[in-house]
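Asks: Each chain, letter by letter, is given below.
Protein chains: 2
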Amino acid sequence: MANQVLPLVKLIEQFARLPGIGRKSAQRLAFHVLDMPKEKAQEFAQAILDAKEKIRRCSCCQDLSDGELCPVCRDDSRDRTTICVVEAPQDVMAFERTKEYKGLYHVLHGLLSPMDGVGPEQLTIKELLARLGSGEVQEVIMATNPTVEGEATAMYLARLLKPMGVKVTRLAYGIPVGGNLEFADEVTLYRALEGRSEL
Amino acid sequence: MANQVLPLVKLIEQFARLPGIGRKSAQRLAFHVLDMPKEKAQEFAQAILDAKEKIRRCSCCQDLSDGELCPVCRDDSRDRTTICVVEAPQDVMAFERTKEYKGLYHVLHGLLSPMDGVGPEQLTIKELLARLGSGEVQEVIMATNPTVEGEATAMYLARLLKPMGVKVTRLAYGIPVGGNLEFADEVTLYRALEGRSEL
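Top line first, the protein sequences correspond to chains D and S. Numbering (numbering that gives the first Met the number 0) for the first sequence: 0 to 198. Numbering (numbering that gives the first Met the number 0) for the second sequence: 0 to 198.
To be clear, the hints were calculated from the coordinates, so they are not data collected in a lab. In this text the structure is predicted, and so the values were computed from the model without any measurement. Even glycine gets a Cβ: it sits at the ideal position worked out from N, Cα and C. Don't take every hint at face value.
Only some residues are given here: those of chain D computed to face chain S with a beta carbon under 8 Å [claimed, not checked]:
1) 13
2) 15
3) 25
4) 29
5) 42
6) 46
7) 49
8) 123
Bound conformation, chain D alone (with noise of 0.2 Å):
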């Protein structure tokens, strides 16, 4: 279209860019913005800036956070002698959602995928390993979702793990086969926990 103006049509194409977003959702979203106050406009900017700014991972679980520690890390009361793995900071956010979990997590941003080229290296599994050193940890809970890669990645880890004294249990399956942790609801998620088996 020759008849545009810009700063609107730029402010749709960013809006169509994102995931699950279509032309139209883009338009009606980018005048959203246009009515919006003026200083709500700039906190909505600034939280995309300050989100890429001040969001790295945690030095101890590879979680995302906002410090050197992120908070469940820095939390004293959380229980120390389990860690949950889990494949990305999302799922962590559903067993956090549960209030159930007290015990540390691990991120491991992504799952073993030799299609994808995705071996253990590409994965924090040497970060988790270095966490297993101190002897604090007795129990590792493989929390990663029901899928083939999910299932091969909790089995790697396990014959991973098993050797270094440590319990290695995994998710029950409340969990629906083939779907999708970050998704599950808060209770099914916790029968899961409470459900957990041994590998």
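Following the hints, complete the assembly by docking chain S onto the known chain D.
Replies: Just chain S now, kept in the frame of chain D:
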């Protein structure tokens, strides 16, 4: 939740405030932003700021504009004898997508709605009347949505403009009654333009 990474939570909240974006979609979008290269995220933030900073109303048609006059009013090739009156800037975009309409627009920024306290003085009717003063305009097309408020606004304007010696027409009912003009497809909109009838 106590254990939260604040910049991430804030970004999720910002997305969740947008219309049609639920909590889980907001989370998905926030993580997408975190995964963006830094310069792409900065572009996104800048697009929001630019839209608020640079976009104002065209001094002629009241559509959104990045200058004193909008691209349509600036365009010498447009037919200045015809004005298409619409409710909102989104409607102008919909007509421009048909690539068939060559006249000018006038954006009312609302519809008459006594129930909601919107009277003629809340719309840009004064500005529309000023445009007719020069005698250049021969036809005004009422292209408000085919809803109760849209019809009422069209009738009100027709009664106001006819004594000024200007031809006042209404979009044909190619557009589904009760529907929303913004989401009409190009062909339907074009048919509606072609079949317009005098009020």
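Asks: Could you run down the list of hints and mark each one as holding or not?
Replies: Hints, verified against the model:
1. 13: 5 Å, holds
2. 15: 11 Å, violated
3. 25: 11 Å, violated
4. 29: 7 Å, holds
5. 42: 7 Å, holds
6. 46: 5 Å, holds
7. 49: Status holds, d = 4 Å.
8. 123: At about 16 Å, which exceeds the 8 Å cut-off, the nearest Cβ of chain S leaves the hint on residue 123 (chain D) violated.
In terms of the numbered hints stated before, the structure departs from hints 2, 3 and 8, listed from lowest to highest.
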